[in-house]
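Participant: Listed here are the chains, written in short residue letters.
There are 2 protein chains.
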Amino acid sequence: MADAKYDVLGIGNAIFDVLVQTDEGFLGRHGMTKGGMALIDEARATAIYADMGPATEMSGGSAANTIVGIANLGARAAYVGKVRDDQIGRLYTHDIRAAGVAFETPAAAGGPATGCSYILVTPDGERTMNTYLGAAQDLTASDIDSAQIAAASVIYLEGYLWDPKSAKEAFVKAATIAHGAGRQVALTLSDSFCVDRYRDEFLDLMRKGTVDLVFANEAELHSLYQTSDFDTALKQLQSDTKLGVVTRSEKGCVVASKDGAVAVPAFPIQKLVDTTGAGDLFAAGFLFGLVRNAGHENAGRLGALAAAEVIQHIGARPQVSLKELAQQNGLPV
Amino acid sequence: MADAKYDVLGIGNAIFDVLVQTDEGFLGRHGMTKGGMALIDEARATAIYADMGPATEMSGGSAANTIVGIANLGARAAYVGKVRDDQIGRLYTHDIRAAGVAFETPAAAGGPATGCSYILVTPDGERTMNTYLGAAQDLTASDIDSAQIAAASVIYLEGYLWDPKSAKEAFVKAATIAHGAGRQVALTLSDSFCVDRYRDEFLDLMRKGTVDLVFANEAELHSLYQTSDFDTALKQLQSDTKLGVVTRSEKGCVVASKDGAVAVPAFPIQKLVDTTGAGDLFAAGFLFGLVRNAGHENAGRLGALAAAEVIQHIGARPQVSLKELAQQNGLPV
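In order, the protein sequences belong to chains A and B. Residue 8 is where the first sequence starts when you use our numbering, and the numbers rise one by one after that. Residue 8 is where the second sequence starts when you use our numbering, and the numbers rise one by one after that.
Only chain A is shown next, with the shape it has when bound in the complex:
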């Protein structure tokens, strides 16, 4: 197995975030399910945006947020995702490259605009996402560069990739190349409604060993196994995948393998502002710990630390050096 050029390479829907703090009433008025990610078409995007207050914009996308967090912690990271060659696509490309991430996926020269998510943050800090996939729909297997995939120790894929028409082919192609090169493949289940849409396919990926490591939050885990009992679901996860990491908000996380499960507490915060990116940044810290061979418990602590930083401000990208933050907290970086 050749030395890896990248520690982690992520593949996901490249999405620009349009964030606004709003009241609960907005969600009800627009028939939104609080805390979820709903796919919307251009007409609904226009209607929602027209009713939203003044917004703040920044680059997002689940796997992209994770990859930016990994680079911010000091590892070598790459990203594959599709934007258009429009103004927002150029902002997106700048931000991810400026974070130190290799990003070479060609921007679409035609077709829909760069994807946007209209994110409503309620006073309790919960975020409700409405995503117009836009150019992210045009990610195909041809965007997967075999040499680049084979050069990453871990590839990280988001369940959201099951939504665009042809991205799942890109997903499976990348996983196959990675395993051929002796690399590891990680998957996040992304969202409980996403799990509802693709439950059987996700279970199939896990049981066939297409993915080695699965990230899920409690809602996603319960949706995957259609049970409300955590322990039952966790046991099934342990039998279905080599390594499962379940995040439980303020209750911390559980890292589960066939050898057993270890619980890691959440990192204390001063004030919850916006949960956008919490799971993404948890995955960043965990994967960073994994590629640094820090052990599951330290990997969980790094995940908890990165998640704690991102939920204390608006937006899903870190606003400080996570590397320095980890050092200040005595965690290995």
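These aren't lab readings, by the way, just hints derived from the structure by calculation. Treat the numbers as computed from the prediction; the structure is a model and nothing was measured. Certain hints may be false.
Between beta-carbon pairs, the in silico distance windows are [unchecked claim]: (1) A:32 <-> B:334: 15 to 23 Å; (2) A:130 <-> B:275: 18 to 26 Å; (3) B:104 <-> A:32: 14 to 22 Å.
Result set (DSSO-like, lysine-lysine): computed pairs, CA atoms no more than 27 Å apart in a straight line [as the list claims (entries may be wrong)]: (4) A:278 <-> B:330; (5) A:330 <-> A:258; (6) A:330 <-> B:278; (7) B:278 <-> A:278; (8) A:249 <-> A:215.
For each residue, glycine too, the CB sits at the ideal point set by N, CA and C.
Starting from the structure of chain A, add chain B where the hints point.
Facilitator: Chain B in isolation, oriented as in the chain A frame:
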């Protein structure tokens, strides 16, 4: 004099802000003057942006920030400024309208892109702005709607309007219409380097009575009168304009008329994060107090309160209801 439809109408350069927290070294490397606003061309914008870290974007523009603050406080506000009909122009238009501001200036169908300011925020909270005017250069006298101008109690103009080629004609046209309708005209001097460029013209506007009320910070006041002595400069300001308001950062402000000067303290803050928009939001609070006939001292307090809110987070637009904040602090709204 007809009843006013708007309390305040602002005219300015419509600029989208691209903000990044950076170290002092960045400013030195790019030859930037800390705390100032430098005009840049597209080539320099590209070079600066390429070297900047991951950014956060939101709508800005000095007078626009002020007008949004006034609407946020609960007054009727309108804005005149030029964007292009591009993606960023649409974000800009959404944000100002979503803030409750009437904004009807037609977007340019051709020519340069919507203007952007690349804003570097150093660890001390100071902001250094690099502005590519873009479509803001195409604001002309034909964008001034006489009926709309005449329908505003106060029109508020930014000194930055002297930079684009033809905006000063729009400025003078608007001031003339306003005075013809018995309205008041306010001007902010914008930036000490801007004052350096247009000192004689600004003094002329004041001495000929084209403007009735002038906002300046200490650096702008000293630049205007080319003196380092505050009291000397203040006396000259009192003789040159009906009402002068000088902001002095943590020392508060001085409201000076021919009848005398009153000092108002700054509003206490917990942590200075980003000074972007401090002067703009001070002007918002002050003008709001003025149109509500709250008296100079209360107007100064409202200005101090609005400025204190905006410097405690990234970006130049308020993140809370200033109206509620003022009520909580016993100020008239």
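Participant: Now tell me, hint by hint, if it's right for this structure.
Facilitator: Status of each hint after checking the structure:
| no. | hint | in the structure |
| --- | --- | --- |
| 1 | A:32 <-> B:334: 15 to 23 Å | holds (21 Å) |
| 2 | A:130 <-> B:275: 18 to 26 Å | holds (24 Å) |
| 3 | B:104 <-> A:32: 14 to 22 Å | holds (20 Å) |
| 4 | A:278 <-> B:330 | holds (23 Å) |
| 5 | A:330 <-> A:258 | holds (24 Å) |
| 6 | A:330 <-> B:278 | holds (23 Å) |
| 7 | B:278 <-> A:278 | holds (15 Å) |
| 8 | A:249 <-> A:215 | holds (11 Å) |
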